[in-house]
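Using the sequences plus the hints, can you model the full thing?
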Amino acid sequence: MKINIFSLVILVASCKGGSEKTKPTIEAISESVYASGVVKSKNQYQVYSTVNGLIEEIFVTEGDSVKIGTPLMSVVNEPSRLNAQNAKLAADYADLHTNADKLKEAKIAIDLAFSKKENDSLLLFRQENLWAQNVGTLVELEQRKLTYKTSKTNYETAYLSYRNLIKQLEFTASQSKTNLKITNAIAGDYIIKSEVNGKVFKILKEKGEFTNTINPVAVVGDATDFLIELKVDEYDVARIRENQKILLTMDSYKGKVFQAKVATIEPLMNEQSRSFTVNSIFITKPSVLYPNLSVEANIVIQSKEKAMTIPRSYLMGDSLVLVNKNEKRKVVIGLKDYQKVEIKSGLKASDVIYKPAL
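Quick note: the sequence shown uses my numbering, first residue 1, plus one each step.
To be clear, the hints were calculated from the coordinates, so they are not data collected in a lab. Treat the hints loosely; a few may be bogus.
Computed Cβ-Cβ distance ranges for the label pairs, DEER-style [what the hints assert, rightly or not]:
#1 279 <-> 168: 57 to 63 Å
#2 166 <-> 56: 38 to 44 Å
#3 51 <-> 288: 35 to 41 Å
#4 254 <-> 54: 42 to 48 Å
#5 76 <-> 105: 40 to 46 Å
#6 251 <-> 28: 25 to 31 Å
#7 291 <-> 207: 22 to 28 Å
#8 294 <-> 261: 18 to 24 Å
#9 288 <-> 208: 31 to 37 Å
Derived BS3-like pairs (lysine-lysine); straight-line CA-CA distance at most 30 Å [stated by the list, open to error]:
#10 330 <-> 21
#11 285 <-> 42
#12 304 <-> 355
#13 348 <-> 21
#14 40 <-> 231
#15 207 <-> 193
#16 40 <-> 256
#17 23 <-> 325
#18 116 <-> 149
#19 336 <-> 285
#20 245 <-> 285
#21 40 <-> 254
#22 149 <-> 104
#23 306 <-> 344
#24 245 <-> 40
#25 104 <-> 152
#26 207 <-> 67
#27 145 <-> 116
#28 336 <-> 261
#29 21 <-> 344
#30 167 <-> 104
#31 348 <-> 304
#32 102 <-> 116
#33 107 <-> 167
Glycine is no exception: its CB is placed at the ideal position from the N, C-alpha and C atoms.
Right, here's the structure in full:
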């Protein structure tokens, strides 16, 4: 019986206004969207190997400054190394300077053939003079002509062979150099290099550990420039615009509020979290920052310097307040934050309102 009486008292109390009361206040109010996220270094990215293999050497340590092209790690691959060595040997063997003796030998053959041709030409000239003086036989003259023709052909052949040898050596040398470049490029894939100027934030692999093209081996990014990566719920993203002001709090700097602004809104939604990524830049920031520091943010959608506000706990639904303890009055609301709501009409600054009973 006591329990029933107590329940009745609670039921009656819930139908009446509470004893707490207040008046509207003229003050600034801002409506914002909540978001959470992390600090990221500008140009921060995860480094991946383009090949599979064992980590042979790690050339940097965490905290090192790097530039574009700085070697970070090497991946061992013996066949690739042997191919590179073989291509180097082939390129050296095919180099024109290495084949100078072949060219010299061909040049000597040209000189000898030229001398033989000139000598046979002189002998033919003499034989023709003798024949004009009725000295000698026709057979001797024909032999001289044939000998000269043969030596002339031999000279032309030697010269063509020399030119062809030069072309062949030049082609082979060029081809070998190209093959060496290709082999070195392939071998270069086994050297993992930085793609940005910045700092090594994390080494994710150890020497001797296997790596592939799927798992990252390091994290690299800008050493001094940082941004904020926020996650905004799909229900709120339509209200977000570039350059909107953001108020930030960080677990690493408790009690402090920092300012930022919206830089870009990535248009593709993450289907798992049903959220959008909003990239923001600091306006005021801490003196020391590190990647992946957690952040909580309020993205300011609208704000007013002077607005009539009441505590949100005094609002019933979205349009009613209690006056004269039990009288419900309809109001039109405007901006609202987590504690206050703007009253656009329905109340005067002098009105007393009562907090609804729970």
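Tested hints:
Judged by the Cβ atoms, the range 57 to 63 Å given for residue 279 and residue 168 holds: they are separated by roughly 59 Å. A hinted range of 38 to 44 Å holds for the C-beta pair residue 166 and residue 56, which are about 42 Å apart. The hinted window of 35 to 41 Å between residue 51 and residue 288 holds, with their beta carbons roughly 37 Å apart. Between residue 254 and residue 54, the C-beta spacing of about 45 Å keeps the proposed range 42 to 48 Å intact.
Look at residue 76 against residue 105: about 44 Å separates their beta carbons, and that is inside 40 to 46 Å. With their beta carbons about 27 Å apart, residue 251 and residue 28 fall inside the hinted range of 25 to 31 Å. Restraint check, residue 291 to residue 207: a C-beta distance of roughly 24 Å satisfies the suggested window 22 to 28 Å. Hint check: residue 294 to residue 261, Cβ distance near 20 Å, so the stated range 18 to 24 Å holds.
In this structure the supplied range 31 to 37 Å holds for residue 288 paired with residue 208, their Cβ-Cβ distance being about 34 Å. About 17 Å separates the Cα atoms of residue 330 and residue 21, which keeps this hinted pair within 30 Å; it holds. A C-alpha spacing of about 14 Å is found between residue 285 and residue 42, which places the hinted pair at or below 30 Å, so the restraint holds. Only pairs whose Cα atoms come within 30 Å are accepted, and residue 304 paired with residue 355 is accepted, the gap being roughly 25 Å.
For the proposed pair residue 348 and residue 21, the alpha carbon gap of about 15 Å is at most 30 Å, so the pair holds. With a CA separation close to 13 Å, the supplied pair residue 40 and residue 231 stays within the 30 Å bound. Restraint check for residue 207 and residue 193: satisfied, since their Cα atoms lie roughly 16 Å apart, inside the 30 Å limit. With a C-alpha separation of about 19 Å, the suggested pairing of residue 40 with residue 256 holds against the 30 Å cut-off.
Distance hint between residue 23 and residue 325 is fulfilled; the C-alpha atoms sit about 13 Å from each other, no more than 30 Å. The hinted pair formed by residue 116 and residue 149 meets the criterion: a straight-line CA distance of about 11 Å does not exceed 30 Å. With a CA separation close to 27 Å, the supplied pair residue 336 and residue 285 stays within the 30 Å bound. A C-alpha spacing of about 14 Å is found between residue 245 and residue 285, which places the hinted pair at or below 30 Å, so the restraint holds.
The straight-line distance between the Cα atoms of residue 40 and residue 254 is roughly 19 Å, inside the 30 Å bound, and the hint therefore holds. Restraint check for residue 149 and residue 104: the C-alpha separation of about 25 Å stays at or below 30 Å, so the hint holds. Proposed proximity of residue 306 and residue 344 is supported: the alpha carbons are some 11 Å apart, at most 30 Å. Among the hinted pairs, residue 245 with residue 40 is consistent with the structure: their alpha-carbon atoms are about 19 Å apart, no more than 30 Å.
In summary, the hint linking residue 104 to residue 152 is supported, as the alpha carbons are separated by about 21 Å, within the 30 Å threshold. A threshold of 30 Å between alpha carbons decides the hint, and for residue 207 with residue 67 the separation of about 22 Å falls inside it, so the pair holds. For the suggested pair residue 145 and residue 116, the alpha carbons sit about 13 Å apart, so the restraint of at most 30 Å is met. With a CA separation close to 20 Å, the supplied pair residue 336 and residue 261 stays within the 30 Å bound.
Under the criterion of a C-alpha separation no larger than 30 Å, the hint pairing residue 21 with residue 344 is consistent with the structure, at around 20 Å. For the proposed pair residue 167 and residue 104, the alpha carbon gap of about 15 Å is at most 30 Å, so the pair holds. Between residue 348 and residue 304, the direct Cα distance comes to roughly 18 Å. Compliance with the 30 Å bound is thereby established for this hinted pair. This hinted pair checks out: residue 102 and residue 116 have alpha carbons roughly 21 Å apart, not beyond 30 Å.
A hinted pair counts as satisfied when its Cα atoms are at most 30 Å apart, and residue 107 with residue 167 qualifies at roughly 14 Å.
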